[in-house]
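Protein chains in written order, with the numbering used here: chain L, 1 to 603; chain Z, 1 to 331.
Bear in mind the hints are in silico, worked out from the structure with no lab data behind them.
Mixed in with the good hints there might be a few duds.
Cβ-Cβ distance ranges computed for the label pairs, FRET-style [to be verified]:
{"#": "1", "chain 1": "L", "residue 1": "Gly26", "chain 2": "Z", "residue 2": "Ile298", "range": "46 to 56 Å"}
{"#": "2", "chain 1": "L", "residue 1": "Asp51", "chain 2": "Z", "residue 2": "Gly268", "range": "32 to 42 Å"}
{"#": "3", "chain 1": "L", "residue 1": "Ala25", "chain 2": "Z", "residue 2": "Val222", "range": "22 to 32 Å"}
{"#": "4", "chain 1": "Z", "residue 1": "Arg14", "chain 2": "L", "residue 2": "Pro272", "range": "26 to 36 Å"}
{"#": "5", "chain 1": "Z", "residue 1": "Gln120", "chain 2": "L", "residue 2": "Pro106", "range": "34 to 44 Å"}
{"#": "6", "chain 1": "Z", "residue 1": "Gly268", "chain 2": "L", "residue 2": "Asp271", "range": "37 to 47 Å"}
In silico lysine to any residue, SDA-like type, Cα no more than 25 Å apart, as pairs [as the list claims (entries may be wrong)]:
{"#": "7", "chain 1": "Z", "residue 1": "Lys95", "chain 2": "L", "residue 2": "Asp572"}
{"#": "8", "chain 1": "Z", "residue 1": "Lys84", "chain 2": "L", "residue 2": "His587"}
{"#": "9", "chain 1": "Z", "residue 1": "Lys299", "chain 2": "L", "residue 2": "Arg4"}
{"#": "10", "chain 1": "L", "residue 1": "Lys400", "chain 2": "Z", "residue 2": "Lys95"}
{"#": "11", "chain 1": "Z", "residue 1": "Lys299", "chain 2": "L", "residue 2": "Lys388"}
{"#": "12", "chain 1": "L", "residue 1": "Lys388", "chain 2": "Z", "residue 2": "Asp40"}
{"#": "13", "chain 1": "L", "residue 1": "Lys388", "chain 2": "Z", "residue 2": "Glu139"}
{"#": "14", "chain 1": "L", "residue 1": "Lys388", "chain 2": "Z", "residue 2": "Arg25"}
{"#": "15", "chain 1": "Z", "residue 1": "Lys84", "chain 2": "L", "residue 2": "Lys400"}
{"#": "16", "chain 1": "Z", "residue 1": "Lys164", "chain 2": "L", "residue 2": "Glu72"}
{"#": "17", "chain 1": "L", "residue 1": "Lys388", "chain 2": "Z", "residue 2": "Glu64"}
{"#": "18", "chain 1": "L", "residue 1": "Lys388", "chain 2": "Z", "residue 2": "Arg35"}
{"#": "19", "chain 1": "L", "residue 1": "Lys388", "chain 2": "Z", "residue 2": "Lys84"}
Model, not experiment: these values are computed from the prediction.
Even for Gly, the Cβ is constructed at its ideal location relative to N, Cα and C.
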Amino acid sequence: MDLRFTDAQPTAAEREAVESVLGPAGMDSHQRIRTASNLRIFATGMQSVSDRRHLLLPALETVQSEIGWVSEGALMHICRELSVPPAEAWGVATFYSLISVDPSPPVVLHVCDDIVCRRAGALDLMEGLESNGRTPGVRWLPSPCLGQCDRAPAAYIQRAGEEDGVLVSMDPQTRPIGPDGGVISSNGHHPSAAVPQAGEPHLRLLRRVGAVNPRSLDSYLEAGGYRALEAAVEMGPAAVVAEIKASGLRGRGGAAFPAWIKWEAVADSPDPVRYLICNADESEPGTFKDRVLMEDDPFSVIEAMTISGHAIGARQGYLYIRGEYPLATRRLRSAIDQARRAGLLGESTRSGISFDIDLRRGQGAYICGEETALMNSIEGLRGEPRNKPPFPTVSGLFGKPTVINNVETLCNVLDIVTDGGAAFASVGTPQSTGPKLFCLSGSVRRPGTYEVEFGATLGDLIELAGGLPEGRRLRAVLLGGAAGSFVLPDLLEMPLTFEAASEAGVSLGSGVIMAFDQHTDFGDILARIAAFFRDETCGQCVPCRVGTVRVEEALARIRRDPQPGDLELIEDIDLAMRDASICGLGHTAAIALRSALELGLLE
Amino acid sequence: MTLPETSETREAVRLTIDGAPVEVRPGATLLEACRQMGTDVPTLCYLETLTPVNVCRICVVEVERNRTLVPACSRIAEEGMVVKTDSDRVRHSRKMILEFLGSSVDLSAAEDEVGEWMRQYQAEPARYGPQSEPTVAGERDRRHPGHHGEVNGRTAEGVHQPTKVDNTLYVRDYSRCILCYKCVEACGIDAQGTYAIAVAGRGFDARISTEMDLPLGDGACVFCGNCIGVCPTGALMFRSEWELRRAELWDPDAQSVTRTVCSYCGVGCNLELHTQDNRIVKVTSPQDHDVTSGHLCIKGRFGYDYVQNLGDVDRSSIDEVLAKARRPAPE
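If we strip away everything but chain Z, and leave its shape as in the complex, we get (with noise of 0.2 Å):
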């Protein structure tokens, strides 16, 4: 998001970041100021396209006269502004986030960054104890605000459930759901205009959820599949990733990644199609792509069955797999 450059905002912002001199647009985030620089700063919740929420944390800076840190990837960057970014705060701050995700939350299919972090900060998720034991399906969905069971401490209590399975082009999986509202966003005000899901229940019950917590095909989704374009840690995945992933077929060293434009209309979104073993195993849109933004509808996300329809010739071993993704969920 940029914004448009009028008469009151041309003079260029002057602030420090790690005490080197820096100039930004007027209305320039200290994320985009540190970027500018070069400064690495870490985001979960924050991605170009949509309106920054934040609320995951993890990219809080110091500003000097704050009292608190603040989150680089929603603060305006103002004239004066002493920054720093890789203090003893920050990086105590960066770490126990990491620490209370990697113990609440399956990080395995998050992107690849968070791992990096996670050794680069020294968090040590393990020291809170063993995972409790997941909560039946639905559990969770049901929890009342204001009041929870007994605590003994000998497990750190997590999100982990059973995989929501209830169509046949995408699976929610929210034990790997840090609550980053990016899936909400592009659902709802920034890129859809759907509003299929949103924030349920409060504190650590809260959950990503449609009405009444009923099957997304009962409820408004269009199954556009933006909501797991923007998804962090793998929460929200392609039917097909997350069969073959069961299948340990899932193999990201053998896909390759081909640009295209969609053939349904004529609006020119681009594709890219990620195959493995020839088959077409997920469609994603370039973020930077002007028409798209990384967003697509059903047609380009979900609609390229036609292109493999290969009949009983060439059949690889994950074709099986992908077929099974395809029939209905089970009951």
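Chain L on its own, in the form it takes in the complex (with noise of 0.2 Å):
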């Protein structure tokens, strides 16, 4: 390998913001590699010279954070400090639309137009975006959803040497940024209005939200925090895989898969060195239930999983949170950082494990939520997934065996260390065991997060949201989000199990309940799921890549002029999505469409 790069440089807060996360210039730099004594290394190829590449998204990130876009100088930087080939380095900068390659002003508006958005107000709050003339030094983009349905419409805002940050609740009529590039209209973060049942004595997974100060390893201490991890240690790793296997614990992410059968995988495993990710890129469409968790009770995901570590022998964890969610990364950052300091992460905790947690920001990428483009995507590559076989459990992160969880699922282990898996099996039903969380959003009263134990029918959790509003019926819910499907409400009383939800052919997905009612647009809703799809695929297979746009160009076709023939060229692109992508995206592209025209709600 030979690299190359241009002669462009840094400008001094380009090499500041770069160093901050490399340290000083030169440490590894591909000068230094270069010279006689390493030529051994240079001749083994790329693995030895680009052991920091997967500092390569950190790096950009923070370049786009410090000074609001990735120069040529820039990014050649960065690829000398990494020893980074620059046309890879181009490659996955371009990949993430939280990225930009191109001059940007200081400002940047990301402002969701997605279901929920684009029914709270979002397309007339764009409108005056656009019809007003511009604001100098701002620049706002659509996004795909924000993960704050529950306080529509939202935006996510970049500022070049500033913190970032949402705003939700906006007024549709009122410009959000003023002329100097302040914030003009966003009601702020309220917890409790996040989780309507806060307070109430049987929630198990939000019994710390608003009871708990998500800020303070003290305040955690005091509600019983860590005792969980303290009888994890004491019970041993085997043991804990054990209750894990008890519990029957599910993934919460989407697929639903049985936690023991990763951790008991990794944890046999003859490699030493193993890893645990926390999956906290919650980017399905209206969901927005780990955000709560990560907002609001931040060390109960740090202590799952350093307990997770301890039962599978990992020494080093990452969590990877999507670039959206500002107010969680901080929370966790800060609880990780007190965690530290108070000897409860690190090389040898004050609990006798040793045990690390760093954390990642993706960039804006559905897809980085996949098992392996997520790997991909810490590994400093292209979030792309990978082909399995081979699972995580046997070549994940590094190529070596990786837990990868879902923060809700997660969570979950707290309370089985606690209390045995057999309790926890005990609540819900046998095939769906536990709490679960739900994320109620749309045409109701009250949306937000809500806990019931499995069992719950879609009904209840509808009422446990206020119903409908007045005047409002139901048509119709998109259950499990954009990847899930519509149901009609003669589906009111099927329990919201996996069993359940299995045997109506319809899946709970990652716990989206988004209610429709009667005056729903529903072309116009399955077009911006068509549109999101072909946005986040992340182009790899051609299934996937073409097939999205396909989709989306037959759905424009059938909301102009159905014609016969187009329903069948769905099933048909639908089918070879399906069975011939690479993963889930594919997969699932374009059940949500399919469900709506099976169930006539475009007619």
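Put the two chains together into one complex, using the hints given.
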């Protein structure tokens, strides 16, 4: 490998930003690697020279947030420091929607125009941004779901050199950004509003929300925090895995895979180097439950990761969180820092184990929620899913055995360890054990994250959210998110369990329950879903890269002038995407659309 | 690529393909197993000399107890597997993949098999509507991931765009690119180790690109031409071939191939000189050659001018075109 860079140099500010991530310049630079003493390493190929490749995305992210965009000079500087081929770094930088490789104004507003926000006035908001002349120094871009559906419409704001943020419950008639670049309209953050049940005695996963100060380790400890870790250390790794197995815990990210199978496989691996990943890249449209846990109870995420790391024998955990969750990121970072200072994370913790956590921020790519794409993203590659097998438990992050679990899945581990797997399994149904979070949004009175025991029906959940507003009648529900399917009110009695959903031919997905009333323009919603998948496919495999485009085009024709054969064409495309795509994105991209067409929602 | 035989992997693997039993070496892929039996499996992104990336998905086959189809090129054969290579599901996915490519990419210069598969699988790329207008030069290279323009469904969006002609040795016609990743692999980890190109952008806007979309000569490219050697669709083409095609003088039937040894150094790379009208019009190397695996360097690939430096005598009709191809690219 003989890397070649252009002569472009970074500005002082860009250099400083890169240094804040990679350390002083020249530490591992290409120039140094090419000295005679290192030629042997050089000859062994990529592996040795790019062992800091995994810092590529953090470096790009930092330049983006400090400077507002990634210039050629900054990119070349990062490439020289990390010995990454510039073409590859370019491929990575242009993969993420939150990274700009073009000069950008200091403020960039990513306005969510996804299903819930567009029904809450996002389109008016965008029209206002467009028609009244642009504010100098501000750019706006449409964004897919930002995970703020309980307080739509929302926008994510990037500010060069300043903290990023989220604007929620915006007034569609008011410009959100003033001439000075300052935020005008945002109702700010109200934790209790996100969890209408907060404080109710039956809560498990959500019991600390509003009751424990999410910024304070002491507050968490006072509320019984870290007792589960203590118990886990006392029990030993094998016993923890056994309790997870006894609990019947299944993944809450969408695939419902039994957690213990992953844990046991990695715990039993002959490879001494293993990793734990917490998948906090919550990006399924309509999903915001993990955000609530991370913002309002961050220490439980950290404690649960520590227990999992202990159980599977991992010394290093990664928490990969979507870039559009700045508040959760800040709280988790603070929680990690506090835990480290208190000797609860790190080389040798006071509980006698060795485990640390690295937080990584996604940069705007739904596909990175797919487990292997997420791993590639951490490794500094494009967020393209890998072919499976091999599965992550055999060859995961950096090619090592890896357990990857969703935030909510991990948070359940605390009670399983404290109360025992059997106690957990006694909640819910035999196939679907424990508590479950659902994200209620759309046409309901009190949108938010709700916790129920498995077995509650769809109707129960909608009732919990206050039912539909006055004069509104339920027409359909989008269950499981954009990758899920539409169902009609005739399924209101269906228990929301994995087995009942499977029997009905639907999926609970990530726990999305989006309600639509009789005034819904389903054509508009389906078009947004089709556009979403087209925008978010990584583009790696043909069925998904082209199939998502052809689905969107076919839907446009159906909306304008339906012809015989249109539906068949969509079925043909869907079947090929389900059968031949590499990953779940392609497998599920046309399911919601097909379900809507089959249920006659477009008529 | 073959796996070394070790004591752990000596036992043969037995499986069933289309009802017939077959034994393969441990570590063999389903594609190898199929080929061993003489069963045809189409491939586009697969090449024996490159690491399988399994992205084109045209080689998918059905394996019992697997929810989805699996790519034969990279799925390792397992004991007891029951594989179907010509089921309805397999045929449907292959047909759709051919339609997706045919409706979005110019396949007119692709390997001959592609046309045969189109007929075999009854692919109808035209059913998605007329092709969208080509984009202007560089437009696709500037697209930002995450959103796209209005879609009306009246045309089938494609990747058509002007050819990139930025040097005298070869052209990049990304209207013909199916994004098989072969050129990226040949340029990088699997052969050349230069890493001059990679996939950039996302989704339908993903494209093969140099850093910052620089002209080839301004980036890391060393003009080995190994990307051309592996391109299955003619997206990467010798400048000479491209110019002759444009002048409608390209005539494969009038060409002959002469195998020889490169005279530049002592490695002994075999060359295949493709000649037309007694002029070298392109150079390849046999993929099964021990030394090259089909790959060459700039000298072997492009350094043939001296052979046909004929002075004023014996001019043929294609000389003018070839001479033009050797002039610097138009600004």
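Index of numbered hints that the structure contradicts, given in increasing order: 1, 5, 10, 11, 13 and 15
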